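Quick note, the sequences are listed as chains A and B, same order.
Take the first sequence: its letters are residues 138 to 519, numbered as in the numbering used here.
Take the second sequence: its letters are residues 138 to 519, numbered as in the numbering used here.
Hint data in this document are derived by calculation from the structure and do not stem from the laboratory.
Incorrect hints may have been included.
No copy is singled out in the list; a pair is fine if it fits within one copy or between any two copies.
Unchecked claim - In silico SDA-like links for lysine to any residue, alpha-carbon gap of 25 Å or less:
1) Lys-265 - Arg-411
2) Lys-487 - Thr-258
3) Lys-265 - Asp-390
4) Lys-487 - His-352
5) Lys-487 - Gly-504
6) Lys-472 - Gly-224
7) Lys-487 - Gln-289
8) Lys-226 - Gly-499
9) Lys-265 - Ala-482
10) Lys-265 - Ala-517
11) Lys-487 - Glu-421
12) Lys-487 - Leu-355
13) Lys-472 - Met-488
Computed from a predicted model, the values in this text were never measured in an experiment.
2 protein chains.
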Amino acid sequence: MKWEANGSMSTDTVGQPTGIENMANEGDSMSIAVMVGAGMMGSAMCTPLSDRGHEVRLVGTPLDREIISSVQASGYHPTLQRQLPQGVKAYQVDALADALVGADLVLGGVSSFGVQWFRETVLPHLAKRDLPVLLVTKGLAEQETGQLETGQLEPIPWALQAALPSSSGSTICAIGGPCIARELTERRQTTVAFCGDDLAVLGHLRDLLATPYYHISLSTDVRGVETAVAMKNAYAMGVSLAIGLIHRENGGDGPEAYNPQAALFGQSTREIQRLVQVMEGRPESAVFGIADLYVTVFGGRTRRLGILLGSGLSFAEASQELAGVTLESVAIATKMAAAVRRWDAENRVKMAEFPLLMHMDGIINAGQEVAIPWTSFITALD
Amino acid sequence: MKWEANGSMSTDTVGQPTGIENMANEGDSMSIAVMVGAGMMGSAMCTPLSDRGHEVRLVGTPLDREIISSVQASGYHPTLQRQLPQGVKAYQVDALADALVGADLVLGGVSSFGVQWFRETVLPHLAKRDLPVLLVTKGLAEQETGQLETGQLEPIPWALQAALPSSSGSTICAIGGPCIARELTERRQTTVAFCGDDLAVLGHLRDLLATPYYHISLSTDVRGVETAVAMKNAYAMGVSLAIGLIHRENGGDGPEAYNPQAALFGQSTREIQRLVQVMEGRPESAVFGIADLYVTVFGGRTRRLGILLGSGLSFAEASQELAGVTLESVAIATKMAAAVRRWDAENRVKMAEFPLLMHMDGIINAGQEVAIPWTSFITALD
């Protein structure tokens, strides 16, 4: 497949044109990559996969039937609102087994709500196969494996690894870090982290996916990276509350105020860092969640929820307004707040260390009005 | 002085109306506060000072003559474009000694470029006086005191403390953290940190300045807080380069792309955290710089420089365009890059740990074109 250098490419990489040349020469390392899940992020991953010369097979979930039909008919992805790269082959879910024939690499393109489906439907196909699996899914699952001492939440790659057929030698890894799907299709400069237990597998995945616009850090700190990038969804809602509070005042027409947003961003950073620590992750990993929080406040769907809540809607009203949008922020905030409450009861952490998380939980699950606990963000260090 | 509850106040503190009532009752702890420096941030501090019932005296530097004349005539601050609170008394620099009579608290409202003036002009007045001094200045100075083992940069509060007359018992502290001056005059929710060597003095300063919209953390980690908040100026330029790169492509009319900004924000976070460590600050202090970076990218003047550079202007051209704007970002990036180069030569750090800082230095001081070193942001953690 030919490298599609477009305007944004050449502009973004100004001063670095050699990267593009190098990439075009690597087409000989072509593999068969199967992406299961045709939502926005999974489908956007077709762009670097295609640019790297791989044969790309995009398999929809049962929720993706219309998307797959559209891609099959014209290559157009209706929710991404973009043409997928030429050569991407789209499959309905019924053809999953066919799509997996000869696969060198499997990618999971489901959200955290699709993990159970992925486990039940896709993992059995990995029996007796030794493939790298890379998830775009971000989140933490209720623990089933007993691997963790830190509580009842575990990274999704671990939960799925444990659910593989015993005959499978496959290795499940995941992507974290700031990446808006549409911008990836536009080949905007993007930095992410691949995390998993085996650095050699991670390095192989990077060899398959790196492009001059898609830059991949590697980390075996699965707990840390996954905690950070899962929590950024919750905190993006928290930061966006401040935008909603201003909208309530000026009807959404006036200038935004940044001091309150920055106060919430700082508190979010503090709570994410602490949660990474509580989950026994490494401090270096928090940065992937912090950068991801930045992009989610400015470009994500969770922003809309936070703004609606800040504007004065109750959680029930805001949810109605957003009907049909899957809100991972709500799920992870609820799940982590419950964990913090348990840990507090066990004297492992103090609930007071997480005033923003607990307030979001109150808004979501106890019908509380937005009343940001600013004074509880105050710290003293001697 | 009467508490001026306005629309933004009551909206921002929805659910927390009791704070306002409490504050109005504390007027009896009235002090005389003298702010020296009538730029935007110094002048904005008159709002919480007035709201706390203090007598506020605003003294201009030699650069502030027109501002002071305007405030004296009508209370209007021409660069803030706001009326200062009623009761603020404005003094030209010639009346500095008069303004300091009976002062309970001195504040420094100069930028880092005004530190030498502040030292030579204001500090001599503190002979035989035992006052808390609070600076809005952010920055690091060339070391003169020999207090640090980490190199030739030291926090400005330490540099000024060492320059006090020997008969002075005054204590110099500083403010860090995300605060846009105009938003402070609008009483937007704002969180900052006061840092200094003496926690009791910091607590006293907080007692004098806390309001229901101005929330003050305390820290004796002067190195950490000052390094973080000084460096955010440099990195705000770095993050803004990505906005300029997009403008170059779409003429400034199209949508912004957030993946590249987030990549730069993440790298900035990483470099700030490392610099805090190198300067022997505490890791908890980096968050004040990270939150301050957020607000500076979206609301500060440095954003404009970064955008101009990203858009394709050379540093010389961009500086011409911005004539008259003091660019602390440029000064601190240059100073810290030089320090990193020295530390690298001493095998204390590696220049490669700071690819974004070194690139900014190259743009500023070596006429380099913007060519963001994306691949050098990649990390591997095993």
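Now for the hints, and whether the structure bears them out:
Neither within a single protomer nor between protomers do Lys-265 and Arg-411 lie at most 25 Å apart by alpha-carbon distance, with minima of 40 Å and 45 Å respectively. Proximity of Lys-487 and Thr-258 under a CA criterion of 25 Å is satisfied in neither setting, with 40 Å inside one chain copy and 48 Å between copies. For the homomeric pair Lys-265 and Asp-390, neither the shortest alpha-carbon distance inside one copy (59 Å) nor that between copies (53 Å) is at most 25 Å. Within a single copy, Lys-487 and His-352 get their C-alpha atoms only as close as 37 Å, which misses the 25 Å cut-off; across copies the closest is 21 Å, which meets it.
In this homomeric assembly, Lys-487 and Gly-504 come within 25 Å of each other (Cα to Cα) only inside a single copy, at 23 Å, whereas the closest approach across copies is 51 Å. Taking the shortest alpha-carbon separations for Lys-472 and Gly-224, neither the intra-copy value of 40 Å nor the inter-copy value of 51 Å comes in at or below 25 Å. Taking CA atoms no more than 25 Å apart as the test, Lys-487 paired with Gln-289 passes inside one copy only; the shortest distance there is 17 Å, against 40 Å between copies. Neither within a single protomer nor between protomers do Lys-226 and Gly-499 lie at most 25 Å apart by alpha-carbon distance, with minima of 45 Å and 45 Å respectively.
Taking the shortest Cα distances, Lys-265 and Ala-482 never come within 25 Å of each other, neither inside one copy (44 Å) nor across copies (54 Å). Proximity of Lys-265 to Ala-517 under the C-alpha cut-off of 25 Å is found in neither arrangement, the shortest distances being 56 Å within a copy and 30 Å between copies. When the C-alpha separation of Lys-487 and Glu-421 is checked against a cutoff of 25 Å, the pair qualifies both within a copy, at 23 Å, and between copies, at 17 Å. With identical chains, the CA atoms of Lys-487 and Leu-355 are at most 25 Å apart between copies only, with a shortest distance of 20 Å across copies and 32 Å within one.
Taking the closest pair of Cα atoms, Lys-472 and Met-488 come within 25 Å of each other only inside a single copy of the chain (14 Å); across copies the shortest separation is 42 Å, beyond that limit.
Of the numbered hints given earlier, the model fails hints 1, 2, 3, 6, 8, 9, 10; all others are met.
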